[in-house]
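**Q** Turn these sequences into a full structure, and let the hints guide you.
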Amino acid sequence: MVGILKSLVASAAVAVGRPDVALRLGKSTSYARALANEHAGMIGEPPTPAAIYAAAARRMDGPQPMTFGTLPSGEPVRVRRDLGLMSALILGATGAGKSRLLIALLLEPLRQVIDDLRLDAHRHADVGVELELIDPKFETYDLFRKYVAAMWLRANDAGRELLERSVRVIDWSHERVTPLTPFDNHFTEISNAYLAHLRADVTARTSPQSYTDAMRQLLYMFDWLLIELRYPLSYRFAVRFMHDTDFRKGVLARVPEPEVRYYFENFDLTVPRQTRDGFLRRVQYGTSFPELRASYIPPEAMDELGLMKEAPITLVNTACTTTLPQALGYERAAWRATDVLCAAPRRNPRRPKSFVLEEAVRFLEDANADHVETLLTALRTLRSVNMGIVLTAQDFSNAVPANAARTVLLNTTWIGGFRAREDAQIFWPHVAAIPDDRRTESAKRDAYLREMAGLARQRYLLLVKGNPALPLRAPDVPRPGEALGVSEDELLEVFNREIAAKSMLPTATAMRLTAEWEAKVVEQGELRPSEAKSVRRKPPITNLADLKRFFTTSEEE
Amino acid sequence: MKKLTLAWHLTLALLYVFALPIYAAKWLTRAMESFFIVSEIRKGFIDCPHCGFRNPLDLLALCRRCGMAEFGSRLYCTTCKQVTKAFPCDRCTATIRVL
Chain A
1 MVGILKSLVA SAAVAVGRPD VALRLGKSTS YARALANEHA GMIGEPPTPA
51 AIYAAAARRM DGPQPMTFGT LPSGEPVRVR RDLGLMSALI LGATGAGKSR
101 LLIALLLEPL RQVIDDLRLD AHRHADVGVE LELIDPKFET YDLFRKYVAA
151 MWLRANDAGR ELLERSVRVI DWSHERVTPL TPFDNHFTEI SNAYLAHLRA
201 DVTARTSPQS YTDAMRQLLY MFDWLLIELR YPLSYRFAVR FMHDTDFRKG
251 VLARVPEPEV RYYFENFDLT VPRQTRDGFL RRVQYGTSFP ELRASYIPPE
301 AMDELGLMKE APITLVNTAC TTTLPQALGY ERAAWRATDV LCAAPRRNPR
351 RPKSFVLEEA VRFLEDANAD HVETLLTALR TLRSVNMGIV LTAQDFSNAV
401 PANAARTVLL NTTWIGGFRA REDAQIFWPH VAAIPDDRRT ESAKRDAYLR
451 EMAGLARQRY LLLVKGNPAL PLRAPDVPRP GEALGVSEDE LLEVFNREIA
501 AKSMLPTATA MRLTAEWEAK VVEQGELRPS EAKSVRRKPP ITNLADLKRF
551 FTTSEEE
Chain B
1001 MKKLTLAWHL TLALLYVFAL PIYAAKWLTR AMESFFIVSE IRKGFIDCPH
1051 CGFRNPLDLL ALCRRCGMAE FGSRLYCTTC KQVTKAFPCD RCTATIRVL
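In order, the protein sequence lines correspond to chains A and B. Reading the first sequence from the start, the letters are residues 1 to 557 in my numbering. Reading the second sequence from the start, the letters are residues 1001 to 1099 in my numbering.
Rather than coming from a laboratory, the hints here were simulated on the basis of the structure. Take these hints with a grain of salt, some might be off.
[As the list claims (entries may be wrong)] Residues on chain A that point at chain B, a partial pick, calculated with CB under 8 Å:
no., residue
1, SER7
2, ALA15
3, LEU23
4, GLY26
5, SER30
6, ARG59
7, PRO63
Every residue gets a Cβ at the ideal spot worked out from N, C-alpha and C, and that includes glycine.
**A** Take a look at the structure:
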């Protein structure tokens, strides 16, 4: 009774702006509690790792949680969505379970939406989270698309419709390709010149061939020309443009940018023939593979195709190692990453976005490249637009340049560490100590490193900044289609038919579009015959010899 | 003149009547807030909204104003009667506002 009365009086005192009265009322309780707290701090038992983990798990929990796994005690660790979708780094050896953890985390929000739609088909359907997955090794992309197909099979009509309009695929294969328009400037804030620089920098740095300064300059100016004209990359166009002076003049007449015009008008004088030939060899190499050549669609044709151009979930497969040269896949991964990161500052921050880059070590190797700088800047700044960047890597500590590694470690909110020895050093300062362990610090450290080097599959350490590293078992991810009794081939067929078809087109169709464009622009010069004649000025006839020459050439024509 | 005064008083009374529910709502909100604040203080600890660390309110507190160290609430100094409305989190140093 006294307690309730005290509480009411204290509340009233705070309400009238006299908190001192409220605090004075609880003076004796505060004194006793303060003594107890200090006493416990001085002689109390140090907390056990289990208690530390449980307390950390409680702190990470919150609204719309994502399941990161289970503690050794079996207690699940759920991390609130705003924390779980922040920038992260997942480290570990091949086959340790990085991709499965990633899939478990990324699919969870999508699965929740589809399940909600099964319960209530009339609710507002939105995926809630945006995702961009760039996979240069195919495995995660392949698993992800199979899970999406399994989800499509389980979903009701509303869920299927949501998946069909929310998932975009960027891939290139013998059967179908995603059209690509890298030389079409759809950014509002980026100039054509800077876009050309970004494209040329990526091409030169990812190419297996070397680029001299002159060739790099030619590449930059040629990319700029394509962007000014909204042309696709075409070897035929490049050859005719560089060798046919009349054709070049005709093309340049339609270029609004004087810098580009000036460079190519004096082309024969400024660019050595060897450089030009070398450049053409590189263009030919880049467009010689049919899947890639087919993907360079003229932007006008792309507008008419009506294919999905952007979607909340974009799956990008740039794995080329078994079918195409790796460098070309890397080039496209870097182009796509740059596009997404450059567009990110103007995105709607109300919907969180996760940008996942698999095998980030290859991406981060060249610290001076513009696309790496873009990524590192994005890691520092994109938190303000509710976008997190998730990087997965193996041998991160050794393979990534020190300054890039430091930036990544400083700007990621959580780090997952699977089986690895060198990368385990990152977690050591955050590992909870066992109270009665009497070994020396170095002995403890050696034992920890040995343990991390031999960690079982699916086991990992989760370090959320400000918390101790938690030893977790990643969530189980059953084989896609297992619950439905559907084979993986059937899942792929469903995915290609129902989802990928919205953003891809048959390779033969793409080749036809490219051939039509080349026939129109390269062969016919995109100039009507009357215009073509008017371009070629004939010398005036001033004497008999001129008249004779005039009739001779006319006959030849 | 008398009529004008009467009308003025009536208008004023009417305004008070109209304002009454607004003030009542305001007082109710304040009362609820105060109740929550007091219940937080009575618990004896406050979780940091940034890092989640559980900060004890009662400890060997040092008054920032007069320098007095005493066992009691970190929000109130019994010597100089200073009320501290906020304090830094013991772990991450983020400011935690209590009152």
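**Q** Given LEU23 (chain A) as an interface hint, is its Cβ closer than 8 Å to any Cβ of chain B?
**A** Interface hint status for LEU23 (chain A): holds (4 Å vs cutoff 8 Å).
**Q** Do the numbers back the hint for ALA15 (chain A), that is, is its least Cβ distance to chain B under 8 Å?
**A** Hint holds; ALA15 (chain A) Cβ to chain B Cβ min 4 Å, cut 8 Å.
**Q** Would you settle whether the hint for SER7 (chain A) is holds or violated, based on the nearest Cβ-Cβ distance to chain B being less than 8 Å?
**A** holds, 6 Å
**Q** Would the stated hint for SER30 (chain A) survive a check requiring a Cβ distance to chain B of less than 8 Å?
**A** Status holds, d = 4 Å.
**Q** Holds or violated: the hint that ARG59 (chain A) contacts chain B, with Cβ atoms closer than 8 Å.
**A** holds, 3 Å
**Q** Can you verify the interface hint for PRO63 (chain A): is its Cβ closer than 8 Å to any Cβ in chain B?
**A** violated, 14 Å
**Q** Interface hint check: GLY26 (chain A), Cβ to nearest Cβ on chain B, cutoff 8 Å. Holds or violated?
**A** Constraint on GLY26 (chain A) satisfied, holds at 7 Å.
This entry does not satisfy hint 7, going by the numbered hints stated previously; all others are met.
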